[in-house]
Structure formats: structure tokens, C-alpha cells
Amino acid sequence: MATTTTKSVKINNQPIKNEIVEKTSVYKTNQLNLWYGSNHALKNIDLDIKENEVTAIIGPSGCGKSTYIKTLNRMIEIIPTVKTSGEIIYRGRNIFSKDYQVEDLRTKVGMVFQKPNPFPKSIYDNIAYGPRIHGIKNKKILDEIVEKSLRGAAIWDEVKDRLNENAYGLSGGQQQRICIARCLAIEPDVILMDEPTSALDPISTLKVEELVQELKTQYSIIIVTHNMQQAARISDKTAFFLNGEVIEYDDTDKIFSNPSDKRTEDYISGRFG
Amino acid sequence: MSTKDSNKSISVQEMIAQKSNRGLLSRIEKLVPKILFAIAAMSVLTTIGIVLTLIFETIIFFTRVSPLEFIFGTEWYPFANTTPAYGILPLIVGTLKITGIAVLVAVPIGIATAIFLSEYASERTRRFIKPILEVLAGVPTIVYGFFALTFVTPVLQSIFPQLSIFNALSPGIVVGIMIIPMIASLSEDAMTSVPNAMREGAYALGSTRLEVALKVVLPAATSGIVASTVLAISRAIGETMIVSVAAGSTPGFNWDITGSIQTMTAYIVQVTTGDAGYGTTIYYSIYAVGFTLFLFTLVMNLLAQYISKRFREEY
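Protein chains in written order, with numbering that gives the first Met the number 0: chain A, 0 to 272; chain B, 0 to 314.
Note that these hints are calculated values from the structure, not bench results. Check the hints yourself; a few may be wrong.
Here are the simulated distance ranges between beta carbons [what the hints assert, rightly or not]:
| hint | chain 1 | residue 1 | chain 2 | residue 2 | range |
| --- | --- | --- | --- | --- | --- |
| 1 | A | Asp160 | B | Lys29 | 31 to 41 Å |
| 2 | B | Phe127 | A | Tyr167 | 28 to 38 Å |
| 3 | A | Glu76 | B | Ile34 | 51 to 61 Å |
| 4 | A | Asp160 | B | Phe127 | 50 to 60 Å |
| 5 | B | Tyr119 | A | Asn38 | 24 to 34 Å |
| 6 | A | Asp103 | B | Tyr119 | 15 to 25 Å |
As a list, the in silico PhoX-like pairs of lysine-lysine whose alpha-carbon atoms are at most 20 Å apart [unchecked claim]:
| hint | chain 1 | residue 1 | chain 2 | residue 2 |
| --- | --- | --- | --- | --- |
| 7 | A | Lys159 | A | Lys139 |
| 8 | A | Lys42 | A | Lys107 |
| 9 | A | Lys138 | B | Lys214 |
| 10 | B | Lys214 | A | Lys136 |
| 11 | A | Lys147 | A | Lys107 |
| 12 | A | Lys42 | A | Lys27 |
C-beta: ideal position from N, C-alpha, C; glycine also.
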């Protein structure tokens, strides 16, 4: 299902065979290893993540799935003991190379966290924060960005009359969509989502899932989830992590209907994890 | 305990029942809050006692000196033999000079230190600098006074030759140094308690460290920072030893900081260490000045409380 979407993606220089559009890679991970001090958390990861798809990363707690997604925008480096080897190629450039400014990477690659983390500012200032730090000061342009981002995150109608209220007055699900809107405000290329619905109630979860489906037409989305039904519902590709290794990476349909590895089958059928 | 013991027939519940002394225990339980209340009441009563003393003696002072003269008078010559003047404004101005200079020194340095400790310093650096700050806070104020008089003033005099040996500038700066640890430490606490999730949210949008510190952490910690500053100001207003040693004893109603001044606290020291007889107007005047000082620090402390409640950013 994934690589055969009928959507007319405008991709140049791509060989088209049997009407299948081969999508461009956003991220190519080659032999990535990561250590927390002496703890070897990611082992020889090879993953090729495609454009305009939803890629789900599943696996039991402690398997390295959150570590991996945080490596993609180098947020993992906040932890001082982290060491990495190997490379992650984002749009043709190794993100670990010395001359790659981490701020540039994170301007291109947005992130939504497990717990909603809006700033203790007004809803408007939350959304305008990103554009502002990147130099957009014009009030009219900011107004437009705020509205567009809030509409994009399907929360405009709920907050349009209270843009100057503190974002912490909203419910958890609304806060998470504010965080998604905040991320959309700088129009990133990729959106990383680290268990974005694990702190939300079922209805808010549904809203975020629907949102992910809409967003994937414009963004490449990588989502970590411990909810297998969620991965099956919303993703095109799924990677199964176990003990810091990628056990299986394939189309979501294939992973959930006919996994090739016994361990994947055991995990998705609920025998462990 | 092994079940093979001879007393195995006695259950734990039975043993508890044997040992139990419910009557005495419940009497103690009832007594404890009363004892604790009495102890807690002591500090409250002491405070009330101090305030009442201040008020009564101040009232006696105002039977001799008109409150209008006291509040609006611009001359303070209590020791003049013929026509003593009791206008408190020169003393207030003296206090404000010291406090103003101290704030100008302490707020930028204190907040910059807090930003460094909370957002930039490694755990090792923090463990090294924080104790030093605490030592700075523990230096006796009389030592600061000597430091102002015998070190800072000569240094300043080599830069500004017109500076008198007693002046407002030098003790003002030293009072500022004294309150830096207070501002730095409390502001650092406020900034450290801003959840990391917020920093991560900002980093994930491509913020630099400085942007995270100034645009996310600092605003989120505003209430704590302002409250710490107000508390520090209140400390500067009440500071006594440094100004007694290094600021002189010449109350003046002007904004000159190079000449000798007198603060409210220094005046009280001057009178209490001198030989003003009990019952004289001068004797009662220290209560009136003390009461004024008390009002200043009270207002500052209430302001600090109000600010930390009012501007608390919910997260």
C-alpha cells in the first residue's frame, strides 16, 4: 500500500516501473550505533525513511525506539553521556557532520513530544515562537501563520476566540494539537512524533490520528508508538525495534498480516512486550 | 519469628492487643498539637510585641514632633541644640541611594549568574560555584563594611578623585555584592524548576541555547526572579553595618552619591551606640525611624509575595 499510493507526487528523476512511484528518501540511516555511557542502546541500525509517508516505530519499552527518533533531530545530544557512530543522511547530508548546525536541522525537522509541552505563554505566542526566533517579526504575517498553523492542526475553531489565553488553560488533547500547530508554524519538512497520544484520552487520540493522516500529504511523519493498533491504523511503513536492533522494517500491511520474523509475530500478537 | 516457638499459639493481633496502651497514646496525641501550637505562637507573639513596641514609642515621638514635619521635612538635625529638625526624607533618600546602587549592581550580575548556572554550567561547574555563592552570602556584614571602607572606596577614589572617604557609591556597590547570592540563588532555583520538557520543545524548533534561556526559561521563571529581587531589595533597605561603617553620618536631601550620607539604619546605630538619654526626643526618634524602616521592608515583602502569586506562570 505504501509505495503504491495513487497520489500524484511530483518527484523528478525517479524511475517509474509498473505505475509504482518510488518515493524519495528523507532519511537514510547507515550503521547507526548509540551508547548511553557504556549502555549500547542502538545497534547497527539501517533504515530508509521515505517522503510523504507515515513511518511507525514500534517495540517494547526500552527497545530504543524513542532514542532512535530523538537521534533524527539530534535531541538525544541533550544527554551528555551519549556517543554515536555511523551516519544519518537527511536529504543528502550527514546530520552528524561537524559543519551541520543542529539548529538548521531542527528548523527542518519538527518534533511533537510524548507529554504536551506548550510554553507557559498565550496560545498565539506559542505558535508564533518558532517563526519569531527565526526572524519573522511582521505582525500581519505572524497572524496569518498562527491561523494557518492552528487550522492545520485542526484546533483553530476551538481556540480562535481565546488566542491570548495561556495555553495551559486547554485540555491535554488540545495542548497536544497546539504543540503540533507550533511545530507546523515553521513549515518543517519532517515531523517526528514521540508517542504523541500516550498521554491523551481516546477521543483526543482519534483526533491526533486523523490529523496525522491529513498532514502526511505535506509532511513526512515518523511516529513512535507503543500502541500497535495505532501503528496499524495510521502508518504506511512500520519498523519493529527490539533490544536496540531493527528486527523488521516493511510495509505496515505486511508487518501486521504476514511478518517474516518470528519475534515480530510474537510481539504484534501480544506474546510479549 | 519461627512458628515453631512455644508462643506460636499467640497471633500477632493478640500480641498487639497485649502491648497496646491506647489510653495514654490518645492523650499524648491530643496534647501534641497543643504543645506545637504554643511553640508556633511564640514567634507570632514576638512579632506582635515588636510591632506594638514600635507603634507605642512612635506615638510618643509624634506627641513631640508633628507627623507632617516628620514625613515631609527635608532636614534631619536631631542633634542641633537650639532647633532640632526631624524630617525623615534625607534618611529615606540616603537609604534609597544605597538600595538603588545595590540593585543596579546585583540584579544584572545575579540574573546573569542564574542563567549561567541553570542553562549553561555543567553539573561540575555548578557544584563548584554554588558553594562559593553561599560563602559570599555567609560573610558577616561588618566584614563587608570594612571591605567597602578600606578597599572599594580607595579603589574608587583612584578613579573619581572627588569621592569622599564616606560616600554612597562604595557601600552601595558592596551591599549589591552582598545581595548577589540571594538573587542568583533564588533565581537559579526558579529557572531550574522550569520543566525540561519546555526547553526540549524550544530546542526542537531550532532555538539556540541563548534563545531557550531568554525567551522560554526566563519568562517562565519571571515570578521567582522578581520575587527574589524584591526580597533582595528589602534586604538592602535594612542593611545596617556596611552603611554605618562606610557611608558616613551626614543626612542630606540630594541625589549626590559621592559625598557622605546617612541611611535610616545607620541613624539608629548612631543613636543607640551614642549616649542619647532615655526619654529624650532623640531616643523616641529611633522608634519612628525604625517603624518607617519596618513599613518599607513590610511593603517589599508583601510585594514579593503578591508577585510570586500573581505572575506565576502555570505549567
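Going down the list of hints, with the structure as the test:
Under the hint 31 to 41 Å, the C-beta atoms of aspartate 160 of chain A and lysine 29 of chain B, about 56 Å apart, miss the expected range. Between phenylalanine 127 of chain B and tyrosine 167 of chain A, the C-beta spacing of about 36 Å keeps the proposed range 28 to 38 Å intact. At about 55 Å, the CB distance of glutamate 76 of chain A to isoleucine 34 of chain B agrees with the hint of 51 to 61 Å. Remark: the range hint 50 to 60 Å for aspartate 160 of chain A to phenylalanine 127 of chain B is upheld by a beta-carbon distance near 51 Å.
Between tyrosine 119 of chain B and asparagine 38 of chain A the beta carbons are some 27 Å apart, a value that agrees with the proposed interval 24 to 34 Å. For the pair aspartate 103 of chain A and tyrosine 119 of chain B, the supplied restraint of 15 to 25 Å holds, since their beta-carbon distance comes to about 21 Å. For the hint pairing lysine 159 of chain A with lysine 139 of chain A, the CA-to-CA distance comes to about 16 Å; that is within 20 Å, so the pair holds. Distance restraint check for lysine 42 of chain A and lysine 107 of chain A: the Cα-Cα separation of roughly 26 Å exceeds the 20 Å cut-off, and the hinted pair is therefore not satisfied.
As the CA atoms of lysine 138 of chain A and lysine 214 of chain B are separated by approximately 18 Å, the hinted pair is consistent with the 20 Å bound. Using a Cα cut-off of 20 Å, the hinted pair lysine 214 of chain B and lysine 136 of chain A holds, with the two alpha carbons roughly 14 Å apart. Under the criterion of a C-alpha separation no larger than 20 Å, the hint pairing lysine 147 of chain A with lysine 107 of chain A is consistent with the structure, at around 18 Å. A distance of roughly 15 Å separates the Cα atoms of lysine 42 of chain A and lysine 27 of chain A; the hinted pair therefore holds under the 20 Å criterion.
Hints 1, 8, counting from the list given before, are not met by this structure.
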